[in-house]
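S.K.: Given only the sequences and the hints, what does the whole structure look like? Please build it.
Number of protein chains: 2
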Amino acid sequence: MRTVEQHLDEILGAVPQPAPIELAVLDAQGLLCAELVTSSRALPAFDQAGLDGYAVRSADIATATVELPTDLAVVGETSAGSAQVASIGAGLAQKVAVGAMLPAGADVVVPAAWTDQGAARVQVYAALAPGSYVRRIGDDVAPGDTAVQIGTPIGPAQISLLAAVGRERVAVRPRPRIAVLCAGEELVDVGATVGPGQQVDVNSYALAAAARDAGAEAYRAGIMPNDKRRMVELIEGQTLRSDVVLIAGTFATGAPDLLQEALDELGGLSFTQVAMHPGPVHAFGKLGPNNVPVICVPGEPVAALVAFEVFVRPAIRLMLGKRQLFRRTVQAVSAQQLLSPLGYRQYLHGQVMRHPDGGYVVEPIGDGDQAMLARMARANCLIVVDEDVTEVSAGGLVTVMPMLLGG
Amino acid sequence: MRTVEQHLDEILGAVPQPAPIELAVLDAQGLLCAELVTSSRALPAFDQAGLDGYAVRSADIATATVELPTDLAVVGETSAGSAQVASIGAGLAQKVAVGAMLPAGADVVVPAAWTDQGAARVQVYAALAPGSYVRRIGDDVAPGDTAVQIGTPIGPAQISLLAAVGRERVAVRPRPRIAVLCAGEELVDVGATVGPGQQVDVNSYALAAAARDAGAEAYRAGIMPNDKRRMVELIEGQTLRSDVVLIAGTFATGAPDLLQEALDELGGLSFTQVAMHPGPVHAFGKLGPNNVPVICVPGEPVAALVAFEVFVRPAIRLMLGKRQLFRRTVQAVSAQQLLSPLGYRQYLHGQVMRHPDGGYVVEPIGDGDQAMLARMARANCLIVVDEDVTEVSAGGLVTVMPMLLGG
Numbered sequence: 001m002r003t004v005e006q007h008l009d010e011i012l013g014a015v016p017q018p019a020p021i022e023l024a025v026l027d028a029q030g031l032l033c034a035e036l037v038t039s040s041r042a043l044p045a046f047d048q049a050g051l052d053g054y055a056v057r058s059a060d061i062a063t064a065t066v067e068l069p070t071d072l073a074v075v076g077e078t079s080a081g082s083a084q085v086a087s088i089g090a091g092l093a094q095k096v097a098v099g100a101m102l103p104a105g106a107d108v109v110v111p112a113a114w115t116d117q118g119a120a121r122v123q124v125y126a127a128l129a130p131g132s133y134v135r136r137i138g139d140d141v142a143p144g145d146t147a148v149q150i151g152t153p154i155g156p157a158q159i160s161l162l163a164a165v166g167r168e169r170v171a172v173r174p175r176p177r178i179a180v181l182c183a184g185e186e187l188v189d190v191g192a193t194v195g196p197g198q199q200v201d202v203n204s205y206a207l208a209a210a211a212r213d214a215g216a217e218a219y220r221a222g223i224m225p226n227d228k229r230r231m232v233e234l235i236e237g238q239t240l241r242s243d244v245v246l247i248a249g250t251f252a253t254g255a256p257d258l259l260q261e262a263l264d265e266l267g268g269l270s271f272t273q274v275a276m277h278p279g280p281v282h283a284f285g286k287l288g289p290n291n292v293p294v295i296c297v298p299g300e301p302v303a304a305l306v307a308f309e310v311f312v313r314p315a316i317r318l319m320l321g322k323r324q325l326f327r328r329t330v331q332a333v334s335a336q337q338l339l340s341p342l343g344y345r346q347y348l349h350g351q352v353m354r355h356p357d358g359g360y361v362v363e364p365i366g367d368g369d370q371a372m373l374a375r376m377a378r379a380n381c382l383i384v385v386d387e388d389v390t391e392v393s394a395g396g397l398v399t400v401m402p403m404l405l406g407g
Numbered sequence: 001m002r003t004v005e006q007h008l009d010e011i012l013g014a015v016p017q018p019a020p021i022e023l024a025v026l027d028a029q030g031l032l033c034a035e036l037v038t039s040s041r042a043l044p045a046f047d048q049a050g051l052d053g054y055a056v057r058s059a060d061i062a063t064a065t066v067e068l069p070t071d072l073a074v075v076g077e078t079s080a081g082s083a084q085v086a087s088i089g090a091g092l093a094q095k096v097a098v099g100a101m102l103p104a105g106a107d108v109v110v111p112a113a114w115t116d117q118g119a120a121r122v123q124v125y126a127a128l129a130p131g132s133y134v135r136r137i138g139d140d141v142a143p144g145d146t147a148v149q150i151g152t153p154i155g156p157a158q159i160s161l162l163a164a165v166g167r168e169r170v171a172v173r174p175r176p177r178i179a180v181l182c183a184g185e186e187l188v189d190v191g192a193t194v195g196p197g198q199q200v201d202v203n204s205y206a207l208a209a210a211a212r213d214a215g216a217e218a219y220r221a222g223i224m225p226n227d228k229r230r231m232v233e234l235i236e237g238q239t240l241r242s243d244v245v246l247i248a249g250t251f252a253t254g255a256p257d258l259l260q261e262a263l264d265e266l267g268g269l270s271f272t273q274v275a276m277h278p279g280p281v282h283a284f285g286k287l288g289p290n291n292v293p294v295i296c297v298p299g300e301p302v303a304a305l306v307a308f309e310v311f312v313r314p315a316i317r318l319m320l321g322k323r324q325l326f327r328r329t330v331q332a333v334s335a336q337q338l339l340s341p342l343g344y345r346q347y348l349h350g351q352v353m354r355h356p357d358g359g360y361v362v363e364p365i366g367d368g369d370q371a372m373l374a375r376m377a378r379a380n381c382l383i384v385v386d387e388d389v390t391e392v393s394a395g396g397l398v399t400v401m402p403m404l405l406g407g
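As given, the protein sequences belong to chains A and B, one line each in that order. Per full-length UniProt numbering, the first sequence runs over residues 1 to 407. Per full-length UniProt numbering, the second sequence runs over residues 1 to 407.
These are calculated hints, taken from the structure and not from any lab test. There's no promise every hint is true.
Since copy identity is lost for identical chains, a pair holds within one copy or between any two.
[Stated by the list, open to error] Cross-link-like lysine to any residue pairs, in silico, SDA-like; alpha carbons within 20 Å at most:
| hint | residue 1 | residue 2 |
| --- | --- | --- |
| 1 | Lys228 | Gly288 |
| 2 | Lys322 | Arg378 |
| 3 | Lys322 | Glu22 |
| 4 | Lys228 | Asp264 |
| 5 | Lys322 | Asp213 |
| 6 | Lys228 | Ser82 |
| 7 | Lys322 | Asn380 |
| 8 | Lys228 | Ser79 |
| 9 | Lys286 | Gln273 |
M.R.: Here it is, written out as structure tokens:
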């Protein structure tokens, strides 16, 4: 029997770090930048007007007020996008649009609202410090500046900046590819008629959804065939196209079954008892010609999703390059007494809410021993009861891992 | 001049409610359920063992203890998936795997760990209440029960439940389709050489990324051609394939330009000043043969993303059916003095952190008037300064809208 930490450490220590790939910037959204992006350009690329108005010399309007405006001759107009380099002398103004090149000689842009908006001549109502409403070349980014650091999550603002420095593609940490398989003689596909003693395969759906939610590129490879030769071929095929293979099934630690024999042929996994509830039987190993990590989680759907949270989600986040592997936890007041077996870490689904007096209160849902899907679907957190705790009294504090889906 | 609320209300009151669509359950992930899913099945579908052990009659083991075990004859074994209906009589036991059909006559499953795990005979070490470790038919879901409610976000647990009740497809609120266009004579494509006075089109990238992040299916329709006929065709074409068209550009409220003439031909938008900083010029209207909402936001990249947050993201969330349209806000202590124009709601990018003594502290980044992409990319929040506030002193409280990207 090993602890949750021992099993997790084995998995985290063994998952690969997929090599960075180059993606079009929009496809990079949500991933971590894997290169130091420096700019070869200045941003802005030229001195420009920061808003619509009149480019003037600040010295010319030093005494301008509403009562005593400064009157200047308007010598021309520059629109955004114009490549014409204008210039102004003393006592002159150039009408400019936001983003338009600042005429040579001008050092401020007077907002149109602070003038009479004249065409041939303009009355300026206020003095401005030099540089006002002017965007100077390189103010935002100078050539050679870092635009995006390694490890930065790529969101809309980073995409904006990457486009501005001229990048159509960027190197990122790729989404790990995860194949999801289920084993169990009782399993039938969701569309099929369910005969006596049979169960619908829910795990390949639920685990693929959970893996996508965690940031992986997940695909359902379906139910394991009931034949050792075909089983070996299927698992080996998945190891060739995946970074991780995830298998959900009910494994006996005693008598080896067909699946364990198939896994042995591919290099062998060690099935171990992990001191946790639900679902103590887990396995991990590297299989196939590429030594691909294979994680086996319990076949009970509730236990499978708990095992995913505890072992697989942190592994996916590690492969994505994320610094924060684990969900944040909060302490909450338990609304009920909780009992937990000594020496086992117990995970219970629950509903956590804010307490009117501050802090959180949590109510367990269902029973960790049972495959209660409808109850699990109403939960918004996992309650974690540590190995050395056998009882949490009603009103006592307990650790809670919120898992909110955006509503 | 209108308020932020007036402009937002016009947009939210006019966006369509796209009709529900049916998707494969895995593709429904992250969307809201648009039908009441009831189960025609019982879950579990039959009485079954809750763990590996021995199915027995509770009455037979009423006196069992470690010191004085009850000895029973093992008459057979049921594996998971077996359709064979076994039965036991008084004084007998059947070995069962987790998920296996409970033999007729048995009312408890004794965990293997509480027995000597015998093959022909078994010694039971503990008494159990009737029903222990047995999952009864319909315990989780009875036929006719609601599996997923209308409006529930579909996550891994809901996908698990949908599969279990036999659903391969489910009706959901679809992702709104949003076309992103940019207007501006100064704009060139990201891959192109940037000539004097020209700017890279960053908005079609940044806004498409922001729209995807908000849950839309967004596509870049690129830079508006510099010809009214082709402009009309492009915009009209986008209204035919989209639920919303988003246009970023620098619009003058005075002299109408090419774009405004093109929009007028399609039905006309009203360009209005919205009392906000950055980017006061906005427009909204319904255009083309299908009366598709067209939202115009300022062309400055920082102002465009602020306008997206304020007007477009809530509209996307409304179309998705989400109850919570707006990001949550927190009150934070401002680390600096903030000045804000009277009568305008000011949005400033900032960095918000937890204060060591509790609460939050926020530091503004850059200057709302300027197109500072690199600074914006370092921000993790928007600071919102209300219309009637002209100054927030250092140490004063200010409203902050965190916009964290997962790291």
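S.K.: Now tell me if each hint is right for this structure.
M.R.: Structure-based check of all given hints:
Taking the shortest alpha-carbon separations for Lys228 and Gly288, only the intra-copy value of 15 Å comes in at or below 20 Å, while the best inter-copy value is 61 Å. Taking CA atoms no more than 20 Å apart as the test, Lys322 paired with Arg378 passes between copies only; the shortest distance there is 17 Å, against 28 Å inside one copy. Taking the shortest alpha-carbon separations for Lys322 and Glu22, only the intra-copy value of 18 Å comes in at or below 20 Å, while the best inter-copy value is 34 Å. Proximity of Lys228 and Asp264 under a CA criterion of 20 Å is satisfied intra-copy only: 11 Å inside one chain copy versus 69 Å between copies.
In this homomeric assembly, Lys322 and Asp213 come within 20 Å of each other (Cα to Cα) both inside a single copy, at 14 Å, and across copies, at 18 Å. For the homomeric pair Lys228 and Ser82, the shortest alpha-carbon distance between copies (19 Å) is at most 20 Å, but the shortest distance inside one copy (72 Å) is not. In this homomeric assembly, Lys322 and Asn380 come within 20 Å of each other (Cα to Cα) only across copies, at 17 Å, whereas the closest approach inside a single copy is 23 Å. Taking the closest pair of Cα atoms, Lys228 and Ser79 come within 20 Å of each other only across two copies (18 Å); inside a single copy the shortest separation is 73 Å, beyond that limit.
Taking the closest pair of Cα atoms, Lys286 and Gln273 come within 20 Å of each other only inside a single copy of the chain (18 Å); across copies the shortest separation is 62 Å, beyond that limit.
In summary, the structure agrees with every hint in the numbered list given earlier.
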